[in-house]
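Asks: Here the protein sequences line up with chains A and B, keeping their order.
Per my numbering, the very first residue in the first sequence carries number 1; after that it's consecutive.
Per my numbering, the very first residue in the second sequence carries number 1001; after that it's consecutive.
Where hints are given, some of them may not hold.
One-sided and incomplete, this derived list gives chain B residues near chain A with beta-carbon spacing under 8 Å [claimed, not checked]:
no.	residue
1	PHE1094
2	PHE1102
3	PHE1113
4	GLY1114
5	LEU1309
6	ALA1310
Source of the hints: derived by calculation from the structure; they are not laboratory data.
Backbone N, C-alpha and C define an ideal beta-carbon position, used for all residues, glycine too.
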Amino acid sequence: MAIKLKGFYIWMGLAGSLLLFFSFVTIFNLIFDQILRPKGLLGALTDPSVLASIWLTIYASLLATLIAVVSGTPLAYILARKNFPGKQMVESLVDLPIIVPHTVAGIALLMVFGSHGLIGQFSPLRFVDALPGIVVAMLFVSSPFFINSAREGFQSVDPRLEWVARSLGATPWCAFRKVSLPLASRHILIGAIMSWARGISEFGAVIVIAYYPMIAPTLIWDRFLTTGLKASAPISVLLILICMTIFVSLRLLSGGERS
Amino acid sequence: MHDHIRIFEASIRGRTLLIFIQNVSRDWGKEFSLVDVNLEIKEGEYFVLLGPTAAGKTLLLELIAGFYTPDKGDIWIDGKEATNLPPEDRKVGFVYQDYALFPHLTVKENVEFGLNLKDHPDVRGRAEELLDMLEVSYLAERRPKTLSGGEQQRVAIARALAIEPRVLLLDEPLSALDLRTQEKTRRELKRVQRELGITAIHVTHSQPEALSLGDRIGVMMEGRLVQVGPTRDVFMRPSNRRIADFLGVENILSGRVTSNQKGIATIDLGGDEVQVVTEIERGDVEVLIRPEDVILSKDFVTTSARNSLACEVVEISQEGVLNRVFLDNDIVALVTQRSLDELKIRPKSKLFATFKASTPHIIHLDELGTK
């Protein structure tokens, strides 16, 4: 390597490590602090309301992700394959939840799914302060992550592979199922993981529409306000550890499929 | 409308016409349009679509396969109007330039793809048969990514043949291969096509490829089919200057290889004998020489590895700065005005036409079967 280039990489690395250090210190300071004084952590582990809220978070976000996959996959496919008037509008719409402040998203959702809302007033399903409310809030904020990743996946599949499949006797649906879908599966899986993670981390939109039943971020906020840092930090660490375990193993799994 | 149906039905009775394309146009931006294409392809023939890049050759293939539909005109396949038929109902095999194998499937699964969809009674057996025919059985369990270009191509052909297509469409099937593999694959393609008696449409921009494979060729330029005919006819009698320039080869001499020593063959051209660099050991050949590779001189050139043939000038035609000199031994040379003046070349001048042993392109007729 040329000497000048070496210096260049060292400087780039130093600048970059600043950010890395910042994230690392913030997260691991919290984790180590709790691990060194495990009493709080053990207390959280044996607190049924904590465990229930963590389970609810994971479960609700999984439901939201499932909905995103079922409806988002066809949308991602169309966005990857077709040009149509207003396509840019649709793409902006897909990305909109990323830029809307999440409390705003919550209020908007409340106006649609609230008991007097656009859909809420006719719906037999109750959204306010109920699981469906948590799911729609999570779905709203996490869907862009899934759609964008799946769209990238479909874009990476050469359309001529579908054409060849058609020439071999496959209907459009069959070509999608046997060629495009498996070839985009890695992107779809990663998109689903991202969307699931995003759902789990959502707080702002959820508390507006469903403060109860409490998901973990709500519970942490609630404990922080009522009992302070000592009560909320162990739950935070528990949530981080559980999520990290899930996501690292999923990432490894999906990475293993690449070959 | 009724008119061409009648023509088509008549030809079907004679079992000759397989593909019938009438007034097909497709506007697709400036570079890739098709304009009023008319084409008839007979059952069992090897048809080559020859043309420079962006002439619309691939688009025409894709229209025949049904990947796109024409704006105007209609396409008949095997006696059925197919203009708006989806690709899956056309029984057309397609081999893309980069083969487009399914990367997530093994070689065997690629070949089985079409068989499974057809509910073939013996999927496994038929796939093995095809891989055998194309001599790639040993690759059955491999993924396409691990295959060489030549291997991928054979697999792509096997996959296309699996559905027993009425016609095999080949889009520049040799252009991604290195020269040696190209020659081998060329022979292989022709062999497979002859063995199965299948109709093939082969798109290429390479003149030697067209000459060695095509029973008939169609020359495409800027979205138009500008000349169609038996291969030799088209090359010998291009219908206009632009086609002639594109085809390039005007000297096609028939001969016979009488001996070959260390890669240099002696070819008897029916009177004259020439030395040419080729591996061919024996048999009838065609010797293709570009006119610009022919050098004219007053005296016999004695340098080794060159051929000097005595000849007489028949006619001279001026083309810009160059002159096309027609000689009595059917050779055409392209020379500058300056050498024309220096050598005092006129009709009836006695000259020697010289070309290097390494310049001609040789087509071996025996190995291509019925040509």
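Asks: Have a go at the B/PHE1094 hint: is there a Cβ in chain A nearer than 8 Å to its own Cβ?
Replies: holds (5 Å)
Asks: Is the hint on B/ALA1310 kept, meaning its closest Cβ partner in chain A is under 8 Å away?
Replies: violated (54 Å)
Asks: Once the shortest beta carbon distance from B/LEU1309 to chain A is found, is it less than 8 Å?
Replies: For B/LEU1309, the interface hint is violated, since the closest Cβ of chain A sits about 49 Å away, which is over 8 Å.
Asks: Should the interface hint for B/PHE1113 be scored as holding, given a Cβ-Cβ cut-off of 8 Å against chain A?
Replies: holds (5 Å)
Asks: Minimum Cβ distance from B/PHE1102 to chain A below 8 Å?
Replies: Nearest chain A Cβ about 6 Å off; hint holds.
Asks: Is the interface hint satisfied for B/GLY1114? The criterion is a beta-carbon contact with chain A at less than 8 Å.
Replies: holds (4 Å)
Taken one by one, the earlier hints fail for this structure at numbers 5 and 6, listed in ascending order.
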